[in-house]
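Peer 1: Sequence:
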Amino acid sequence: MALLSLFSLGLNGVVLTTIASNPEFSSYTSYRIMLLMGVFDVAQAVVHLTTAIFTLCQYQASHHVQTFLSAIVSPSYLAYVLVTIILSFNRFVLFCWPSREKQIFSATGNKLWILLVIACYLTFAGNQVSGKVRMFYSIEDYIWIFDFSYPWTRTGAFIAMILQLSGIFIAWCFYIAIAISLCRFGNGAGTSHRANVKILLQAVAIVVYSTVLNFFWHKIDLIFPPGVAQTAFMNMMWIGNSALSSLLCLIINGQVRKKIKSTIWKAFNVPVQTSTVQVSQVSNVNNTNSFTKLKLDGRSKSAINQIDQVEVQTL
Numbered sequence: 001m002a003l004l005s006l007f008s009l010g011l012n013g014v015v016l017t018t019i020a021s022n023p024e025f026s027s028y029t030s031y032r033i034m035l036l037m038g039v040f041d042v043a044q045a046v047v048h049l050t051t052a053i054f055t056l057c058q059y060q061a062s063h064h065v066q067t068f069l070s071a072i073v074s075p076s077y078l079a080y081v082l083v084t085i086i087l088s089f090n091r092f093v094l095f096c097w098p099s100r101e102k103q104i105f106s107a108t109g110n111k112l113w114i115l116l117v118i119a120c121y122l123t124f125a126g127n128q129v130s131g132k133v134r135m136f137y138s139i140e141d142y143i144w145i146f147d148f149s150y151p152w153t154r155t156g157a158f159i160a161m162i163l164q165l166s167g168i169f170i171a172w173c174f175y176i177a178i179a180i181s182l183c184r185f186g187n188g189a190g191t192s193h194r195a196n197v198k199i200l201l202q203a204v205a206i207v208v209y210s211t212v213l214n215f216f217w218h219k220i221d222l223i224f225p226p227g228v229a230q231t232a233f234m235n236m237m238w239i240g241n242s243a244l245s246s247l248l249c250l251i252i253n254g255q256v257r258k259k260i261k262s263t264i265w266k267a268f269n270v271p272v273q274t275s276t277v278q279v280s281q282v283s284n285v286n287n288t289n290s291f292t293k294l295k296l297d298g299r300s301k302s303a304i305n306q307i308d309q310v311e312v313q314t315l
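For the sequence shown, counting from 1, position 96 maps to 96 in full-length UniProt numbering; every step adds exactly one.
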């Protein structure tokens, strides 16, 4: 647990710092949403590392420490689910409704989305510290346990389950719509089309993992009998979730890999020729991008230019 949590923290630190420090990434909505998702990934990884240390040292934390940690880990995952929905909606708008992307995800719109996520987190965090709900980490069982002797714990756990499952369902709906759109209009082989496919693969991987994670979390007794193997498996799944987004970004996004490699080489004073991300790269492939041709057939020139501008976010 400790080593995997450290790996998650390190991976998130490298990828998120690279995205945040490079305007060619951080100036676009999709990457900003990924950064917001990364905040909650890091928060969960920190708690997982802390509880792993507690387990290794066989230290049973005090009630106040347990309350503090539970106010981070559980609300962070629920906020993560909400960010996943927002990210899926952003990509749905980008692929299926590009003419509205600048309105729905404008500067003001992005602030409202962030405020919604913060409000979600604070609502559930406040519930955790209210004294009416309790979760605690058991160093004997190696897992977080609900204390149902508190009056709101059972209701809170049920609401969390509904939000998690409904969030996955909504995300699946958006991604299915994207898949249908790509199947109908995405038969090209241009740079922009390849970027579209990469985004779809990353999105599907995230929602598939979330689906499996939540199924096991709520119905793991159908697969594994209670015991050390069950709790160890679930702990690995939860920690893996905190690293998933950054890992997929590193694997799929070649520009992020180049930036990280360039930073490492510069840190060791290794001379290297680096290339600058060309924002105009995607817009120059209009004539070879059949997805854009078919999808925007009959639209105004401004609408075509608009999707060329927003598609560069996905590189």
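These aren't lab readings, by the way, just hints derived from the structure by calculation.
Since this is a predicted model, take the numbers as computed values, not measurements.
Accuracy of the hints is not assured; some may be wrong.
[As the list claims (entries may be wrong)] Heads up, simulated DSSO-like pairs for lysine-lysine below, C-alpha to C-alpha not over 30 Å straight-line:
(1) K219 to K266
(2) K219 to K132
(3) K261 to K219
(4) K258 to K102
(5) K132 to K198
(6) K111 to K219
(7) K102 to K198
Peer 1: Under the constraints set out in the numbered hints, which ones does this structure not fulfil?
Peer 2: 1, 3, 5 and 6
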